[in-house]
Structures are given as C-alpha cells and as structure tokens.
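*Asks:* The chain contents come next:
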Amino acid sequence: MSDAILNQAYDVQRVREDFPILARSVHARKGKPGKPLVYLDSGASAQKPRQVIQAMTRFLEEDYSNIHRGVHFLSQTATDQFEAVRTKVARFLNAPNDRCIVFTRSSTEAINLVASSYGRTFLNEGDEVILSIMEHHANIVPWQLLQAEKKIVIKVVPCDEDGVLDMDAYKDLLSDRTKLVAITHCSNVLGTVTPAKAIARLAHERGVPVLFDGSQAVVHGTVDVQDIDADFYVFTAHKLYGPTGLGVLYGKYDLLKKMPPYQGGGDMIESVSFEGTTFKAPPSRFEAGTPPITEVIGLGAAIDYVEALGRDAIAAHEHDLLQYATQQLSQIDGLRIVGTAPGKGPIISFALEGVHPHDVGTIVDQYGVAVRVGRHCAEPLAERFDVGPTVRASFGLYNTREEADALVHSLQAVKEFFGA
Amino acid sequence: MMDDLRELYQEVILDHGKNPRNFRHPDDANREAKGENPMCGDRFMVYLTLKDGVVDDVAFQGRGCAISTASASMMTELVRGKTAAEAEKLFHAFHELCTQDEPDIPEGVDDETMEKLMVMSGVRQFPVRVKCATLAWHAMNAALHGEAAASSDQY
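Which chain is which? The protein sequence lines are X and F, in order. Note that the first sequence covers residues 1 to 420 in the UniProt record's numbering. Note that the second sequence covers residues 1 to 155 in the UniProt record's numbering.
Incorrect hints may appear among the rest.
Some chain F residues well away from chain X (every beta-carbon gap over 12 Å; in silico) [unchecked claim]:
| id | residue |
| --- | --- |
| 1 | D3 |
| 2 | D4 |
| 3 | R6 |
| 4 | K34 |
| 5 | I67 |
| 6 | R80 |
| 7 | E88 |
| 8 | F126 |
Think about it this way: if two alpha-carbon atoms lie no more than 16 Å apart in a straight line, the pair counts; the simulated EDC-like pairs of lysine to aspartate or glutamate are [what the hints assert, rightly or not]:
| id | chain 1 | residue 1 | chain 2 | residue 2 |
| --- | --- | --- | --- | --- |
| 9 | X | K415 | F | D15 |
| 10 | X | K257 | X | E270 |
| 11 | X | K252 | X | D224 |
| 12 | X | K35 | F | D27 |
| 13 | F | K51 | F | D27 |
| 14 | F | K18 | X | E270 |
| 15 | X | K30 | F | D15 |
| 16 | F | K18 | X | D365 |
| 17 | F | K51 | F | E36 |
| 18 | X | K32 | F | D3 |
| 19 | X | K32 | F | D4 |
| 20 | X | K415 | X | D365 |
| 21 | F | K89 | F | E112 |
| 22 | X | K30 | F | E32 |
| 23 | X | K415 | F | E32 |
| 24 | X | K35 | F | D4 |
FYI, nobody ran anything at the bench for these hints, they're computed from the structure. We put the beta carbon where it would ideally sit given N, CA and C, even for glycine.
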C-alpha cells in the first residue's frame, strides 16, 4: 500500500487529537519549555482517547449505580449498560455468545483464574502444561504455583533466532501427558504473532484445551476466537486504549460450566446458607464481588473507538510504522533488534552495543521519548537471546513516522554521549 | 535539561562505568553479598576482605548500567582501608546524598571523600535511577553485616 493511499485512509493527526495527553510536553522547567511527548510505550499501557474518558465520566455523572442487585431505576440502567459491554466484547472476539465472557481484574487474573479453577480441578501429578519461551511472567508464574501444589510438569516451546515459535518442537512436546497448552498470541517483547490456529488444532487432535494470552494481539489485529478455536482467550482493557483494572476471559461455555468458582462472594451465588451454597452459572460464577463497573463502560467505549477507526486500518498504519522504524533503527551502528519474525506486531526490542538499556532509557527520556527498558516481565526470553535487558519501543494507533525519527535522533545522542 | 544529563553522567562516571576498578573476585575475600535490581536485571556481587575490623580489600563483579557500575567502582576505591564502622558511615553518607536534597551527612566523613561522593549526587534529579546508584553500596553494607544479599526493595 502506498503512503498516499494509507494517509487518505488513516488520518493519524486527527486520531492524535482524540488523545489529550499526547499534546503535553515533558521535563518542562521554570522558564524552559519541555520536550513534546513521544509515547512509544503503548505495549506497557496505551493512552486513552477522549471518547473513553468521557464515556466513563458520563456514566459516573449520570448512570452510576451498583449492578445486578437493585430494583431501582439506576441499578437497572447501570446493569443494562454493563451487560451491553459484555455483548460487545463477545462480538469483538467473535465469541458465540456473551455467556462466554468473564470480566476479571486483568489478563493476569484471567490466567490465574484458569490455572486455579480449571487447573486445580482437572490437572494432577505428572500432567503436563505446555508454555512457550516468549511468555510474559503472567503466563508462567500461575502455572508454577500450580506446579508447586499439584506436581504438574511445565514444558516450554522454544523459538528460533528470529523469534518464530518452533512448531516442530511444539509437536514433539505434545503427548498423552499434555493436559493444557497456554501460549501467547503475540509476544510483548519480540512482537512475534504465534500461529494460534495451528497451535489449537494440534492440541485438539489430542483433546487438549488451549489458552491464548491475547494482551498484545487484540490491540494490533482482529481476533476471532471461533476461527482460532481457542478454548480460553484473555486480554486486558488498558492496552486496548481502555481503563486499568479490567481484564477479560473468554472461555468455551462447556469448559466454564464444569469449572468451580475462583473466588467466593456476592453476585456469584444462587443461594447461601451455612449448610451449603449453590453457585450461579458462568459468567456470574466467576465474578464475585462488585466488578469494576465504570471500567467496563470504558472498555465498551474503547472497543467502539478502535472499531470506528477500523481494525484493519489501524493494523495497516501500525505495520507501516513498524517497517519504517525498523528500517531507520537498523541504520544505527551497534543496534541489534531482538525479534524479527515475519508478520510481527509493532513492537521493537533492541540492544545498543556498549550502552546499558537503563542508561538509554534515561537519556532518550530527556528528549521526551518514552520507552520501556528492562526485561519486560519475560526473563526467560532475555536469557534465550542472551541480551539481558533491552530497550523496547512499542507503537500504537496514534504514533507517527516523525516519532520514530525522534527515537532515532535521541539514540544518536545516546551514542554521542557514551562514545559508543 | 541536558545540564541534568551532564550532571548525572559526568566524565568520571562514564569513565568508571566503562572501565570499572577492582572488577574481580579476590581470593582472600571473607565476606560477600549480592545486590540485585529485579526491575532491570542489574546484578552485582560485592566482595570484602576484612582484617582486624579493617576493609583490607574490596572488589565487585556483575553487570549493570553505567550508573550502577560506576557507583560500585567508585565505592571500592573509597571504602578500601576504612574500618568497618567507617565504611558503614560512608554508606549512610552516600545514601543521604543520593536521596535527600539536604543530605544529613554523618560526622567524621572527610571532605575529600565527600567531594568524590558528590559526583554521584546528580542522581537525585532522576529518582528512578537512585536504586542503580545505591545497589552496590547496599550489597557492601550487607556484606559488612555478614548478610548474603541486600534486600531488593531497599534504596
């Protein structure tokens, strides 16, 4: 696609006007203007468009109440709006219906829910769970907790030098002992998009359910849980331009139905007595206590926002940024990009020879450029590529080529600074 | 803005960061402690050779950013020859310097040493980097007290 056509289809300057925070500068001092913010850390958390902020404010000002409880007008109104978002999320993932959608506190909690509820019920000593080398800690540690408790075995699918998942190794790891596969749909460090459909098909041949961590994947492309045939799929609202404190678990209803509650409390029970308590059907069974109601409204607005821009148009814009930034960064001597899988998401992790990422982060920050430095909650992966910590620039729907240039410019300054 | 950067990354810091002094594991070390920053993965071992209550040798190994490496390197030069009590006093002086706008320096730290420590004080303008500057110092202090590691949430 040529730039001209791309620009016509997607007016990034207009998009940026929807994000109030992008107009600010950073490091302003008395008498000295700051530097315009160049926000390249959307992979950690995305900024929020005015549409999301306003939807949450409007809800709080006009319709707020607790849900699922009151007979009064506001409770009905709030419940209707809350449940409408559940339906919207189902459509967003192309889930068969909204009973498959459970609201959680985060992706992390959604994975913990599956590990705790499904894992403790259906996994036993010696059973194997397959993860990949490129998992976020959120998709490693819950399984390790289960490992400690149930003596399960964790197997890890490696990746190649480009960061492509080794599907042959995956096939070899699948066995009669495999009871669950839990793999990211898009690596938060490498950007690698994993072949979810093939992963699920191979697991299903052995009757093994698959969980995908879609925290990055839902942001950068269209996800169809039925096409993938995912058994569980999790994502988080705050990376999708929505609020913090809210995650989503999609589960096939037959699986959710046979899973016990994860937490106990109000809103998840049919009846409570001290002789015994009966639980509601999913998704309510997994939503103990008052949920983040206002945040759910915010997620609804975030989904409306990305769908109005067009998920394909966003993906095309981000792909252009990825290609451009990769090309520009590659011209810097001593810069090594970690993660070069074909079809990857707009996430670029790199190391700069002779300069520690922490020092890179501090210096580019003085130029207004916000990047993530460290091991990005994926320590095993850092070991795999033997790079230790890295710098990560992650692009979102509001970023521009000029911002990629600003990153490159600030990295040149880093090199001058350190004589690297 | 760039003045702050120059203040943080002074020539002497860049030099120590690139060419750390006492970057080794002494054979006769009788104390050691690990300092680790889980956020960025910086990890140092600090080795002390204590003889009759005096730091006869001090060295370190590991990997970290320019700030943490330079700070560790400069620490080894400043602590050697000090008594354990003096070394601990230096640790407190340095910690004050990195965290307080008006540092409360303990009595008995000489001016020349303070001057050398002052080089690191630019880190005050960069709160997230204070942990980098104090990492090896915490490890040194832990080693003085016979502990195996500095607690990771100290700074």
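*Asks:* Which numbered hints turn out to be false for this structure?
*Replies:* Of the numbered hints, 1, 2, 3, 5, 8, 12, 14, 15, 16, 17, 22 and 23 do not hold.
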